[in-house]
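K.L.:
Put chain B with the ligands on the given structure of chain A with help from the hints.
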Amino acid sequence: MNKEQNWTDICKLDDLVDNSGVCALVNGEQVAIFKVQTKDEAQFYAVSNWDPIGKANVLYRGLIGSVADKTVIISPLYKQRYCLQSGACLDDEQQNVSVYGVRVEGDKVQLDVV
Amino acid sequence: MSANTISIVVVGNGMVGHHFVEQITNHDKTDSSINYKVTVLSAEPRLAYDRVHLSEYFSGKTADDLALTTPEQYQALGVDFHLEAAVVDIDKQAKVVKTQSGQSFTYDKLIMATGSYPFVPPIEGNDQPHCLVYRTIEDLEDISASAKVSKTGVVVGGGLLGLEAANALREAGLETHVVEFAPQLMAVQVDTGGGRLLKDKIESLGVQVHTQKATQRIEAGQTSRYRMCFADGEFLETDMILFSAGIRPQDTLARQYELNIGERGGIVVDNHCVTSDPDIYAIGECALWNNFIFGLVAPGYTMARAAASHITGGDVEFLGADMSTKLKLMGVEVGSIGDAHARIPGAQTYIYENQPDGVYKKIVVNQEQSVLLGAVLVGDTSDYDTLLQYALNGIDLPENPESLILPVTGDAPSGGLGADALPDTATICSCHNVSKGDIIAAFDGGACDLSGVKSCTKASTGCGGCSALLKTVVDSELGKRGVEVKKDICEHFAYSRQELYHMVKVGKIKTFDDLIAKHGHGLGCEICKPAVGSIMASVWNDFVLEKPHVALQDTNDTYLGNMQKNGTYSVVPRIAGGEITPDKLIVLGQVAKKYNLYTKVTGGQRIDLFGARVEQLPPIWEALIAAGFETGHAYAKSLRTVKSCVGSTWCRYGVQDSVGQAIDLENRYKGLRAPHKIKFGVSGCTRECAEAQSKDIGVIATENGWNLYVCGNGGMKPRHADLFATDLDDATLVKYIDRVLMFYVATADRLQRTSVWLENLEGGLAYLQDVVINDSLGLGDELEQQMQHITDTYQCEWKTAIEDESSRKRFRQFVNSDESDKNVVFVQERAQIRPATEAELDTLVKSGKGTEQIIDIVELA
Ligand code: SRM
Ligand SMILES: Cc1cc2nc3c(=O)[nH]c(=O)nc-3n(C[C@H](O)[C@H](O)[C@H](O)COP(=O)(O)OP(=O)(O)OC[C@H]3O[C@@H](n4cnc5c(N)ncnc54)[C@H](O)[C@@H]3O)c2cc1C
Ligand code: SF4
Ligand code: FES
Chain A
3 MNKEQNWTDI CKLDDLVDNS GVCALVNGEQ VAIFKVQTKD EAQFYAVSNW
53 DPIGKANVLY RGLIGSVADK TVIISPLYKQ RYCLQSGACL DDEQQNVSVY
103 GVRVEGDKVQ LDVV
Chain B
779 MSANTISIVV VGNGMVGHHF VEQITNHDKT DSSINYKVTV LSAEPRLAYD
829 RVHLSEYFSG KTADDLALTT PEQYQALGVD FHLEAAVVDI DKQAKVVKTQ
879 SGQSFTYDKL IMATGSYPFV PPIEGNDQPH CLVYRTIEDL EDISASAKVS
929 KTGVVVGGGL LGLEAANALR EAGLETHVVE FAPQLMAVQV DTGGGRLLKD
979 KIESLGVQVH TQKATQRIEA GQTSRYRMCF ADGEFLETDM ILFSAGIRPQ
1029 DTLARQYELN IGERGGIVVD NHCVTSDPDI YAIGECALWN NFIFGLVAPG
1079 YTMARAAASH ITGGDVEFLG ADMSTKLKLM GVEVGSIGDA HARIPGAQTY
1129 IYENQPDGVY KKIVVNQEQS VLLGAVLVGD TSDYDTLLQY ALNGIDLPEN
1179 PESLILPVTG DAPSGGLGAD ALPDTATICS CHNVSKGDII AAFDGGACDL
1229 SGVKSCTKAS TGCGGCSALL KTVVDSELGK RGVEVKKDIC EHFAYSRQEL
1279 YHMVKVGKIK TFDDLIAKHG HGLGCEICKP AVGSIMASVW NDFVLEKPHV
1329 ALQDTNDTYL GNMQKNGTYS VVPRIAGGEI TPDKLIVLGQ VAKKYNLYTK
1379 VTGGQRIDLF GARVEQLPPI WEALIAAGFE TGHAYAKSLR TVKSCVGSTW
1429 CRYGVQDSVG QAIDLENRYK GLRAPHKIKF GVSGCTRECA EAQSKDIGVI
1479 ATENGWNLYV CGNGGMKPRH ADLFATDLDD ATLVKYIDRV LMFYVATADR
1529 LQRTSVWLEN LEGGLAYLQD VVINDSLGLG DELEQQMQHI TDTYQCEWKT
1579 AIEDESSRKR FRQFVNSDES DKNVVFVQER AQIRPATEAE LDTLVKSGKG
1629 TEQIIDIVEL A
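For the protein sequence lines, the chains are A and B, in the order given. Okay, so the first sequence: first residue is 3 according to this note's numbering, each after it adds one. Okay, so the second sequence: first residue is 779 according to this note's numbering, each after it adds one.
Chain A extracted, bound-state conformation (with noise of 0.2 angstroms):
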């Protein structure tokens, strides 16, 4: 199935903290933003802010770290690790987090949502 895609401007470039995130607040919806850079290239990742252990909107407050070869937000709170490709929560599989498209256009970050 091919959705629709809404890619909305959400803030510049340089708002965002290498190896670390900041959150949006679009139509209501508190989104997890993360840019993981390393030597080469600068890597954007988009997650659902709330975090379904702790129950807070925190996990851009997270430390972002690897497993293996899977880039992962780890929760402030009680440090459960979610990948950030899938949403997966690495330590409890019935839980995981929604995924949101994002990308720079230019020096500005949008998100894909609905």
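No wet-lab data here; the hints were simulated from the structure. Be a bit skeptical, because a hint or two may be false.
Stated by the list, open to error - Label-pair ranges, simulated between beta-carbon atoms:
#1 B:LYS1288 <-> A:VAL106: 21 to 31 angstroms
#2 B:GLU1177 <-> A:LEU92: 56 to 66 angstroms
#3 B:GLU1597 <-> A:VAL106: 21 to 31 angstroms
#4 B:PRO1176 <-> A:LEU92: 23 to 33 angstroms
#5 B:SER1233 <-> A:LYS81: 29 to 39 angstroms
#6 B:ALA1246 <-> A:GLN45: 41 to 51 angstroms
#7 B:HIS1299 <-> A:GLY108: 27 to 37 angstroms
#8 A:LYS81 <-> B:SER1160: 21 to 31 angstroms
#9 A:LEU92 <-> B:GLY1215: 56 to 66 angstroms
#10 A:GLY108 <-> B:SER1595: 17 to 27 angstroms
#11 A:GLN45 <-> B:LYS1249: 28 to 38 angstroms
Heads up, the beta-carbon is just placed ideally off N, CA and C, and yes, glycines get one too.
P.N.:
Same frame as chain A, but now just chain B with the ligands:
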């Protein structure tokens, strides 16, 4: 059934008697055909305790800490026991023993484990109130009581125990003397050369040693309580006297019962520890084997095993024991192995002496120079384990035996014996008779690490002397089995925290990216990132929110506050020493009211404001900083609080200004990043109202200065701090704390409190004292300089954060909106806010109500 029951009565519940009980009850479990009914009769008011570590009673261990068992454990083992039940009579024919209180017990087998008693030389006046001995917990209680009303103390006897007793008196703050009859200290274990050096070392620690002194009389003193008059006409005045002039086997009962007794005492036993009566055994310090009394616990344990084995039909025998010893007294290391005095005919010796460093080493070899017979080590016992293994296992000596004790220079290989060189029969732990083969068997049986080996072989759970060697053997065995001995901090770095600390410092690495590029892989994680952040901060002390460090910090460090359950933060300004002016208190109240924060006095003598939303943090701190507050680092692994009591300024008992000291210390160490949080306490007198002994660093005022305690802990596993040094002046106090803390920062594991660190530190407290007080690693100056650097570069992180636009930007809930998090909702309870529960949230969020509606907000003056 009863035909199969054998009644065993054990007289004496010392260390060895208890070991026997363990052996026999353990056997019982595996063989059900015979039932051993064990009765223990103990003359002491408590069950067995660890006499070897008795002196630790003075450094805070309680009788419970020292206990080797409990009434419940004995009950569970089905052991009938009676306390304060000294046996006074044995009826030979009826096989009945009678106790002091008149109770009778019949036996099939009788075990004499009555140990020994301290010998008090027949000196006129030796029976006065402050003339004491050193053997039981009650003796120690008497010594403590006497020390409280004494200024000077004399130990009679300069042997192993005498020196240990002298150390206890010194730590109790007494001016301490040792009076020895022989021309040197520890004459049994150490030769003349070693004895001379030992004396110098002990005297340099402030204990006065008087050798070749025979006390003739103890009479009333002129300046002190007593005067000891010596045969040479000289005298010494003292308030208390502690006799430690040797032990005598407790064989009175056996004499009455006409068992064979040695010429100089001791119950004669054979290899099965059977006495001259086939149904009576003697084990431990009361037993005489081959005309020899073994005054150490390990041989006693072997005797206990031999006796138990004989009763149960096993084949363990007692065939003598090695009397080698290694100890550390007042920070002086002494080791003695085998034929220390080179008495074996044809023995040859090698001696190395380094007077400036206070090191003396001697080895004794056979005529052919192929086998090690004995050794004496004073000042440095690092070669002890290796030498002992050479001696015990008859391992062929290297071509130049002296290489075993000569200092290693340059790249020359050290003489250390790897675990691989040891034969399987090599005894690793003599207390529990564990050989290298037993350890390998433990692995085969499923043990997979050091603690597994310890719990299944009991190795290293006796005197503890073998712990270093045990670890070497275990590590080597793990290595052979392809188990990597992992100290890796996480999957991203194959290094321990200590190694990373080193790499950062030596490699002058200043960013995480650099470190992971050079020494790790991947992106890092919640373990290595904060650990590296903390290391960088300890080493370089840069602002933690500087760009390269931001992404490393745990959320608490990034947002300079502790995150609460609903995603809000707490605000804890520093209130050094717990002292606060009314004006500052008012400001705290105003800020709390303005931002509608929950307010609580913490357990650390300061005030915590809870419920600040992330975007409120900068303005809140701006207001606090303007009023003279600074960050309290409540979110960081660093110095938290220095708790104080009111001290001499107000308190009628105070002897020093504890508040002033607490404030100075808090200001010196604030901001120091460490493997875990650090807390101090400073009390103005011995009543200890600041509970300093439960802190990482505890300081207690004395008439003459400050006593320093280290490595205490409250929290999950409380630990009393150890007394580290006494009567320090301000400068020395700070110097010692600098060194202790910086050494901790350099060597501890991540998230290891000082308490656990010390407990895992090879050599323990004595080693730490050696490093800090005697500067044994030559690190002292460097540690102090590092601390000075931290102190000099201190900044209030909140001040830096609010002054810097880019870090301020981080405290936004949304990049694209000024709204706040709708999910953060409070309700009122006891006139303050608290986070709404999940159920409350549902209703409140739906009705669109937030905090603002609930509590009035005031303007900040
Ligand atoms: C606020 C306070 C409780 C209070 O209301 O009194 C508190 C609150 C917290 N303590 Fe504590 N502890 C507080 C005093 C203590 C004390 C008492 C003391 O310091 O005298 C102890 C025992 C003493 C000790 O540390 O040895 C204490 C032992 C702990 C421990 C267990 C540490 C341990 O070694 O076992 C933790 C967990 C940890 O650090 O890993 C902990 C962790 C925490 C955390 C940080 C848990 C967390 O991650 O959210 C709490 C957050 C505080 C915040 O948001 O500011 N807190 N905590 C106290 C703050 C004192 C201060 O002014 O800074
Ligand atoms: C301060 C100190 C430090 C030491 N340090 C070391 C060390 O580092 N390494 C080492 O190997 N050894 C050390 N020792 C020696 C070690 O403690 C002893 O070798 C060991 O305790 C001997 O055990 P035991 O059971 O034979 O005797 P004990 O432990 O003396 O036990 C004998 C028990 O029998 C009781 N008893 C006596 N007569 C009767 C009776 N008639 N009826 C009932 N009960 C009776 C006694 O009250 C006592 O409780 C130290 C000893 C002391 C005092
Ligand atoms: S004891 Fe537990 S609940 Fe209470 S403040 Fe400390 S960490 Fe929090
Ligand atoms: S040698 Fe005493 S515990 Fe191992």
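K.L.:
Take the C-beta atom of B:GLU1597 and the C-beta atom of A:VAL106, compute their distance, and say whether it sits inside 21 to 31 angstroms.
P.N.:
Holds: the Cβ-Cβ distance is about 24 angstroms, inside 21 to 31 angstroms.
K.L.:
Indicate whether the distance between the beta carbons of A:GLY108 and B:SER1595 respects the range 17 to 27 angstroms.
P.N.:
holds (22 angstroms)
K.L.:
Could you check the hint for me, namely that B:ALA1246 and A:GLN45 are 41 to 51 angstroms apart, CB to CB?
P.N.:
Given about 48 angstroms between the Cβ atoms, the range holds.
K.L.:
Per the hint of 21 to 31 angstroms, is the separation of the Cβ atoms of A:LYS81 and B:SER1160 within bounds?
P.N.:
violated (42 angstroms)
K.L.:
CB of B:GLU1177 to CB of A:LEU92, is that within 56 to 66 angstroms?
P.N.:
At 58 angstroms between Cβs, range holds.
K.L.:
Can you let me know if the beta-carbon spacing of B:HIS1299 and A:GLY108 is within 27 to 37 angstroms?
P.N.:
Given a distance of about 33 angstroms, which is inside 27 to 37 angstroms, the answer is holds.
K.L.:
Does the Cβ-Cβ separation between A:GLN45 and B:LYS1249 fall within 28 to 38 angstroms?
P.N.:
Violated, since A:GLN45 and B:LYS1249 (Cβ atoms, about 44 angstroms apart) do not stay within the stated range.
K.L.:
Do the Cβ positions of B:SER1233 and A:LYS81 conform to the proposed distance bound of 29 to 39 angstroms?
P.N.:
holds (30 angstroms)
K.L.:
Return holds or violated for the Cβ distance of A:LEU92 and B:GLY1215 against the range 56 to 66 angstroms.
P.N.:
violated (43 angstroms)
K.L.:
Is the gap between the beta carbons of B:PRO1176 and A:LEU92 within 23 to 33 angstroms?
P.N.:
Given about 54 angstroms between the Cβ atoms, the range is violated.
K.L.:
B:LYS1288 and A:VAL106, beta-carbon distance inside 21 to 31 angstroms?
P.N.:
Because 29 angstroms falls inside the window, the suggested range holds.
Comparing the model with each numbered hint stated earlier shows that hints 4, 8, 9, 11 do not hold.
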